[in-house]
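Q: This is what each chain is made of:
There are 2 protein chains.
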Amino acid sequence: MRVIGIDPGLAIVGYSIIDKINGENILFSSGSIQTDKSKTDASRLYEIESDMQTIIDKYKPNAASIEKLFYFKNQKTVIPVAEARGVILSVLEKNKIPIYEYTPIEVKQMITGYGRASKDEVAQIVKMSVKYKTMPKLDDTIDSIAIALCFSRNEINLEKLNV
Amino acid sequence: MRVIGIDPGLAIVGYSIIDKINGENILFSSGSIQTDKSKTDASRLYEIESDMQTIIDKYKPNAASIEKLFYFKNQKTVIPVAEARGVILSVLEKNKIPIYEYTPIEVKQMITGYGRASKDEVAQIVKMSVKYKTMPKLDDTIDSIAIALCFSRNEINLEKLNV
Numbered sequence: 001m002r003v004i005g006i007d008p009g010l011a012i013v014g015y016s017i018i019d020k021i022n023g024e025n026i027l028f029s030s031g032s033i034q035t036d037k038s039k040t041d042a043s044r045l046y047e048i049e050s051d052m053q054t055i056i057d058k059y060k061p062n063a064a065s066i067e068k069l070f071y072f073k074n075q076k077t078v079i080p081v082a083e084a085r086g087v088i089l090s091v092l093e094k095n096k097i098p099i100y101e102y103t104p105i106e107v108k109q110m111i112t113g114y115g116r117a118s119k120d121e122v123a124q125i126v127k128m129s130v131k132y133k134t135m136p137k138l139d140d141t142i143d144s145i146a147i148a149l150c151f152s153r154n155e156i157n158l159e160k161l162n163v
Numbered sequence: 001m002r003v004i005g006i007d008p009g010l011a012i013v014g015y016s017i018i019d020k021i022n023g024e025n026i027l028f029s030s031g032s033i034q035t036d037k038s039k040t041d042a043s044r045l046y047e048i049e050s051d052m053q054t055i056i057d058k059y060k061p062n063a064a065s066i067e068k069l070f071y072f073k074n075q076k077t078v079i080p081v082a083e084a085r086g087v088i089l090s091v092l093e094k095n096k097i098p099i100y101e102y103t104p105i106e107v108k109q110m111i112t113g114y115g116r117a118s119k120d121e122v123a124q125i126v127k128m129s130v131k132y133k134t135m136p137k138l139d140d141t142i143d144s145i146a147i148a149l150c151f152s153r154n155e156i157n158l159e160k161l162n163v
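Chains E and V, in that order, are what the protein sequence lines are.
First residue of the first sequence: 1, per our numbering; consecutive thereafter.
First residue of the second sequence: 1, per our numbering; consecutive thereafter.
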């Protein structure tokens, strides 16, 4: 069972590939798509679409877990983030990958048991919850692991997918 | 010179195909992509992507004019509309179609000379500004004509594209 966790954004899309083997969550790979601020939004969005397709082709995840937006989280950045998220959802659908969505509060609640946990608190528990050779340093990539864990911790999700 | 005007949305994407011939704006075709509320957002977004590609293949526009979002326009619907807009921008970029963007206020200003014009006022001027056989009835489609006109009324845009 392999899930891709995705933290969407126009400037940075964090992603991680988590394998669930014998009940353990193993960080197989992780990284980010970073787009150039000097380019047009359309060109950055198409780059995200192309790169996401490459990542899916490479890792062939059985499911995707992606952050769901909350409009009052940050009004100024919500539009570009939503535009990037739309592109990512469409790529996942094109590849027939089942999609699971969690709001930032749900992610914090499910990972730390506390909906208002800090980024550091989430990162600490993420590091204890997965086996890894190298832990990424970028916040967005660590967030994508937390998002992936929301999915793969839930046995009901795994049963539904029959894997 | 052919421009596609696009009014983005998750439930309805209005579009119109405007040809500029001898200084006249001619409504060649228009319509809408309408997605089913009972489906997932990802599936609706992918439907928008596929249908936009079909429309581009059919009409081969030289340029695209699309509404740009303003986050305080309608906070509750801005996220799904932005997600749909992201998908549309990516399709346009993939097809190497130059993109021009106008906020709702700019559209009203450019069409009626008044940034707070009503939908009816915009629609009335749209009807006087294009030659047409049939005027669409759907608001979103009429809006897409107004958006297309913002582009095609501007001779500087046409010169830049060398058409």
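No lab work stands behind these hints, which were simulated from the structure alone.
Errors might be hidden in some of the hints.
Note: identical chains are not told apart, hence a pair may lie in one copy or across any two.
[Claimed, not checked] Calculated cross-link-like contacts (lysine-lysine; reagent style DSS-like; alpha-carbon spacing at most 30 Å):
| no. | residue 1 | residue 2 |
| --- | --- | --- |
| 1 | K133 | K39 |
| 2 | K76 | K60 |
| 3 | K133 | K76 |
| 4 | K94 | K60 |
| 5 | K119 | K37 |
| 6 | K160 | K39 |
| 7 | K137 | K20 |
| 8 | K37 | K160 |
| 9 | K76 | K131 |
| 10 | K37 | K20 |
| 11 | K37 | K94 |
| 12 | K39 | K127 |
| 13 | K39 | K131 |
| 14 | K76 | K20 |
| 15 | K119 | K94 |
| 16 | K127 | K137 |
| 17 | K131 | K37 |
| 18 | K58 | K76 |
| 19 | K39 | K76 |
| 20 | K20 | K131 |
| 21 | K58 | K96 |
| 22 | K137 | K160 |
| 23 | K68 | K160 |
Q: Is it within, between, both or neither when you check K76 against K60 at 30 Å Cα-Cα?
A: neither (34 Å within a copy, 34 Å between copies)
Q: Give the relationship of K39 and K127 under a CA distance limit of 30 Å: within one copy only, between copies only, both, or neither.
A: neither (35 Å within a copy, 36 Å between copies)
Q: Please sort K58 with K96 into within, between, both or neither, judging by C-alpha distance up to 30 Å.
A: Classified as both; 15 Å inside a copy, 26 Å across copies.
Q: As a check of your reading, is K68 near K160 (CA-CA no more than 30 Å) within one copy, between copies, both or neither?
A: within (21 Å within a copy, 39 Å between copies)
Q: When Cα atoms must be at most 30 Å apart, do K160 and K39 count as within-copy, between-copy, both, or neither?
A: between (41 Å within a copy, 19 Å between copies)
Q: Between the shortest in-copy and the shortest cross-copy C-alpha distance, which are at most 30 Å for K58 and K76: within, between, both, or neither?
A: neither (34 Å within a copy, 36 Å between copies)
Q: How would you classify K20 and K131 at a CA-CA limit of 30 Å: within, between, both, or neither?
A: For K20 and K131, the Cα distance is within 30 Å only inside one copy (10 Å; across copies 61 Å).
Q: When no copy is named, should K37 and K160 be tagged within, between, both, or neither for a Cα gap of at most 30 Å?
A: For K37 and K160, only the inter-copy Cα distance (23 Å) is at most 30 Å; the intra-copy one is 40 Å.
Q: Using 30 Å as the alpha-carbon threshold, which applies to K39 and K131: within, between, both, or neither?
A: Close neither inside one copy (37 Å) nor across copies (36 Å); limit 30 Å.
Q: Which holds for K133 with K39 at a C-alpha limit of 30 Å: within a copy, between copies, both or neither?
A: Classified as neither: same-chain Cα gap 34 Å, cross-chain 40 Å, threshold 30 Å.
Q: Given a CA cutoff of 30 Å, do K133 and K76 count as a within-copy pair, a between-copy pair, both, or neither?
A: Answer is neither: 36 Å inside a copy and 42 Å across each miss the 30 Å cutoff.
Q: Is the C-alpha distance from K137 to K20 at most 30 Å within one copy, between copies, in both cases, or in neither?
A: Intra 22 Å, inter 53 Å, cutoff 30 Å: intra-copy only.
Comparing the model with each earlier hint shows violations of hints 1, 2, 3, 9, 10, 12, 13, 14, 15, 17, 18 and 22; every other hint is respected.
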